[in-house]
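**Student:** Chain residues, written in single-letter form:
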Amino acid sequence: MMNCREATQKMSEELERPLTLGEQTSLKVHLVVCPPCRSFRQQAAFLRESMRAYARPPGEAERDPSQ
Amino acid sequence: MTNQSDPDAASASAANPLHDPQFVEDLRRRMVRFATLQLSDPSLAEDAVQEAFIGALRGSGSFAGRAAYRSWVFGILRHKIADQLRTQTRYAAAPVEDAEPDPVPEGFFEPDGHWTKEAAPADWGDPHASLQDDQFWRVFEACLDHLPGQQARLFMMREFVELESPEICRAVGISTSNLNVSLHRARLRLRGCLEQHWFDEEEASP
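First to last, the protein sequences are chains E and C.
Numbered by this note's numbering, the letters in the first sequence go through residues 1 to 67 in order.
Numbered by this note's numbering, the letters in the second sequence go through residues 1 to 206 in order.
The following block holds chain E by itself, in its conformation from the complex (with noise of 0.2 Å):
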């Protein structure tokens, strides 16, 4: 059984690869009693998310400065 520490390197690396259909289901058991991991899924997307508006105002679709 997956363990936090191992479910938040497979969420980290979800951002950076697909996962393996064997990842993905181990992963999805975790999550099924680990809410604190279903945060973390949430708040990784939402930094990755954040990271990219802070050069982007909310509402402005993206322009490419250097035209």
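Heads up, some of the hints might be wrong.
Stated by the list, open to error - Chain C stretches covered by chain E per the calculated footprint, using a threshold of three residues with CB under 8 Å from any CB of chain E:
| # | segment |
| --- | --- |
| 1 | 107-115 |
| 2 | 167-173 |
What the hints assert, rightly or not - From the derived model, a few chain E residues whose C-beta atoms are all more than 10 Å from chain C:
| # | residue |
| --- | --- |
| 3 | 18 |
| 4 | 19 |
| 5 | 21 |
| 6 | 23 |
| 7 | 24 |
| 8 | 25 |
| 9 | 27 |
| 10 | 28 |
| 11 | 31 |
| 12 | 32 |
| 13 | 39 |
| 14 | 50 |
| 15 | 51 |
| 16 | 53 |
Derived by calculation from the structure, the hints in this document are not laboratory data.
Built from N, CA and C at the ideal position, the CB exists for glycine as well.
Keeping the supplied structure of chain E fixed, place chain C upon it in accordance with the hints.
**Tutor:** This is chain C only, laid out in the frame that chain E set:
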């Protein structure tokens, strides 16, 4: 609080944020620090920041305030850094021996791999309203500043400069597994910091 943006005061200088030297200097300092961290070369970093400001001058009539100006000029810098890093990639020698990854964060997990009581993530609800809040961005920047240098560099290369993992590995000369370890730790630290200094306090004072 001197930094608190009063809507009226903000709109007074909103027409041209460049009229506030303190704002420009703070922004410039932050950009130089960011560019230096990314490029590992202070003079390249100064040049990139200079060029970003010059590029921003061309469009400075169209900003609806400081946040928009900051986003605009950082956006230009982001593109310049991405170009520079990709150029470095082309000339990079074979990856050097992986440096020791940053230290394992203490206190996140019990020895059996489960969250410690203090570190277990809380439910933030829908955090998106915070993206509109200037104070949130100050906390966010402070939390980024508290990451260990290499973690901050790699995290921002990935999430801000938006290089893909293989591009980062080539530009920096590290292995994929080393990159993944650093990104994992950066995410753990950053979300912990935001929870402690933003989302927790919000809950405490609804």
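**Student:** Take the hints in turn and mark each one as holding or not.
**Tutor:** Status of each hint after checking the structure:
Remark: the segment 107-115 of chain C is confirmed as covered by chain E, as 6 of its residues place a Cβ nearer than 8 Å to a Cβ of that chain, reaching the required three. Only residues whose C-beta sits within less than 8 Å of a C-beta in chain E count toward coverage, and the segment 167-173 of chain C has 0 of them, not enough to reach three; the restraint is violated. For residue 18 (chain E), the shortest C-beta to C-beta distance to chain C comes to about 12 Å, beyond the 10 Å cut-off, and the non-interface label holds. With 10 Å as the threshold on Cβ separation, the claim that residue 19 (chain E) sits away from chain C holds: the shortest Cβ distance comes to roughly 12 Å.
Residue-level check passed: residue 21 (chain E) sits 19 Å from the nearest beta carbon of chain C, beyond 10 Å. Under the 10 Å C-beta cut-off, the non-interface status given to residue 23 (chain E) relative to chain C holds; the minimum distance is some 13 Å. Separation of residue 24 (chain E) from chain C is adequate, the least Cβ-Cβ distance of about 17 Å exceeding the 10 Å criterion. Residue-level check passed: residue 25 (chain E) sits 18 Å from the nearest beta carbon of chain C, beyond 10 Å.
Every CB of chain C lies more than 10 Å from the CB of residue 27 (chain E), the least distance being 14 Å, so the non-interface label holds. No beta-carbon of chain C is positioned within 10 Å of the beta-carbon of residue 28 (chain E); the least distance is around 18 Å. Once the 10 Å rule is applied to beta carbons, residue 31 (chain E) is consistent with being away from chain C; the minimum gap is 12 Å. Remark: the non-interface label on residue 32 (chain E) is consistent with the geometry, its nearest Cβ contact in chain C lying 15 Å away (cut-off 10 Å).
For residue 39 (chain E), the requirement that its beta carbon stay farther than 10 Å from each beta carbon of chain C is not met, with the minimum near 4 Å. Listed as outside the interface, residue 50 (chain E) is inconsistent with that label: its C-beta sits roughly 6 Å from the nearest C-beta of chain C, within the 10 Å cut-off. At roughly 4 Å, the least C-beta separation between residue 51 (chain E) and chain C is not larger than 10 Å, which violates its mark as non-interface. A beta-carbon of chain C comes within 10 Å of the beta-carbon of residue 53 (chain E); the shortest separation is about 5 Å.
In summary, the numbered hints that this structure violates are 2, 13, 14, 15, 16.
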